[in-house]
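Below, each chain spelled out in residue letters.
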Amino acid sequence: GESVGLHLPTLSVQEGDNSIINCAYSNSASDYFIWYKQESGKGPQFIIDIRSNMDKRQGQRVTVLLNKTVKHLSLQIAATQPGDSAVYFCADRTPSGGSNYKLTFGKGTLLTVNP
Amino acid sequence: NAGVMQNPRHLVRRRGQEARLRCSPMKGHSHVYWYRQLPEEGLKFMVYLQKENIIDESGMPKERFSAEFPKEGPSILRIQQVVRGDSAAYFCASSPQQGEGYTFGSGTRLTVV
Chain A
1 GESVGLHLPT
11 LSVQEGDNSI
21 INCAYSNSAS
31 DYFIWYKQES
41 GKGPQFIIDI
51 RSNMDKRQGQ
61 RVTVLLNKTV
71 KHLSLQIAAT
81 QPGDSAVYFC
91 ADRTPSGGSN
101 YKLTFGKGTL
111 LTVNP
Chain B
1 NAGVMQNPRH
11 LVRRRGQEAR
21 LRCSPMKGHS
31 HVYWYRQLPE
41 EGLKFMVYLQ
51 KENIIDESGM
61 PKERFSAEFP
71 KEGPSILRIQ
81 QVVRGDSAAY
91 FCASSPQQGE
101 GYTFGSGTRL
111 TVV
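Just so you know, the protein sequences line up as chains A and B, in that order.
Residue numbers for the first sequence follow my numbering, beginning at 1 and rising by one.
Residue numbers for the second sequence follow my numbering, beginning at 1 and rising by one.
Just chain A, same shape as in the assembly (with noise of 0.2 Å):
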């Protein structure tokens, strides 16, 4: 089954506001989370990334918080755009035998902007 899963499938934010997307994930192994942003049509484009020996990393107006204690991350995004809009997919790595890894996506939140 599944093992990321987010809480809320959408999300409805008016332009300029702050928008947190959350993820939950089960898998303890899980080292290492991606969230990914896709337009409708297109294919997921890498947002930001983070290790599970953080808990906390920022970018360009995205900051991505991870606690491992309840296997939570989410994603803040500053000051929202309609250039925004999309659906967010966080991912989460785990070893799946020898050196390798495997990714799994969770469904996704649909982020809406409002002007």
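If you are wondering where the hints come from, they were derived from the structure by calculation, not from laboratory data.
Hints may contain errors.
What the hints assert, rightly or not - To give a feel for the contact side, a few chain A residues facing chain B, derived at Cβ under 7 Å:
no., residue
1, G43
2, R51
3, A79
4, P82
5, F89
6, N100
7, F105
8, K107
Claimed, not checked - Taking lysine-lysine pairs in the DSS-like style, the calculated list, with each CA pair at most 27 Å apart, reads:
no., chain 1, residue 1, chain 2, residue 2
9, A, K107, A, K68
10, A, K107, A, K56
11, B, K44, A, K37
12, B, K44, B, K27
13, A, K107, B, K71
14, B, K27, A, K37
15, A, K107, A, K71
16, A, K37, A, K107
17, B, K62, B, K44
18, A, K37, A, K71
19, B, K71, B, K44
20, B, K27, B, K71
21, A, K56, A, K68
22, A, K68, B, K44
23, A, K42, A, K107
24, B, K62, B, K51
25, B, K27, B, K51
26, A, K42, B, K27
27, B, K44, A, K42
28, B, K51, A, K42
29, A, K71, B, K44
30, A, K37, A, K56
31, A, K71, A, K56
32, B, K44, A, K107
33, A, K37, A, K68
34, B, K71, B, K51
Glycine residues also receive a C-beta, built at the ideal position from the N, C-alpha and C atoms.
Keeping the supplied structure of chain A fixed, place chain B upon it in accordance with the hints.
Coordinates of chain B only, in the frame set by chain A:
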């Protein structure tokens, strides 16, 4: 650097036909992954390949689906005798090393009629 190239972008097949989806990884990437995405769902892992080798095919259906990544040329995902349930978007990703640096292509949207 052209990124991960997938073609065709859209593919329509009748039930029972074969579908061949192609993926050219980014330059310098030797790891290729195929994922399937149903409408309003996340991406489901299908198969992971390196040049000439299938490393992990745990997500591939046992019948009708196969994948290859030859020494020369793109990776191919092949679906034989397609059925309506095969209709989905198929994404390919590549990475320079296993488990990191994934870059996704724009996908092939397969419609079975």
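Q.
Tell me if the straight-line CA distance from B/K27 to B/K71 falls inside 27 Å.
A. It holds: about 14 Å lies between the C-alpha atoms, which stays within 27 Å.
Q: Tell me if A/A79 is really an interface residue toward chain B, meaning its C-beta lies closer than 7 Å to one of theirs.
A: violated, 26 Å
Q) Are the Cα atoms of A/K37 and A/K56 separated by 27 Å or less? A) Roughly 19 Å separates the two Cα atoms, so the pair holds.
Q | Holds or violated: A/K37 to A/K107, with C-alpha atoms at most 27 Å apart | A | holds, 12 Å
Q. Within 27 Å, alpha carbon to alpha carbon, are A/K71 and B/K44?
A. At roughly 21 Å apart (the allowed maximum being 27 Å), B/K44 and A/K71 satisfy the hint.
Q.
So if I understand the rule, the pair passes when the alpha-carbon distance is 27 Å or less; does B/K62 with B/K51 pass?
A. holds, 22 Å
(Q) Holds or violated: A/K37 and A/K68, Cα atoms, limit 27 Å. (A) Holds. A/K37 to A/K68 sits at ~23 Å (cutoff 27 Å).
Q) Taking only the CA atoms, is the gap from A/K71 to A/K56 under or equal to 27 Å? A) holds, 14 Å
Q. Under the criterion of a CB-CB separation shorter than 7 Å, is A/K107 in contact with chain B as hinted?
A. holds, 5 Å
(Q) For the restraint on A/N100, tell me whether the closest CB of chain B is nearer than 7 Å. (A) With a minimum Cβ separation of about 6 Å from chain B (threshold 7 Å), the hint on A/N100 holds.
Q: Would you mind confirming whether the straight-line C-alpha gap from B/K27 to B/K51 stays at or under 27 Å?
A: holds, 13 Å
Q.
Just to be careful, I want the Cα atoms of A/K56 and A/K68 compared with a cutoff of 27 Å; is the pair within it?
A. Status holds; Cα separation ~11 Å.
Checked against the numbered hints above, the structure breaks hints 2, 3, 4, 13 and satisfies the rest.
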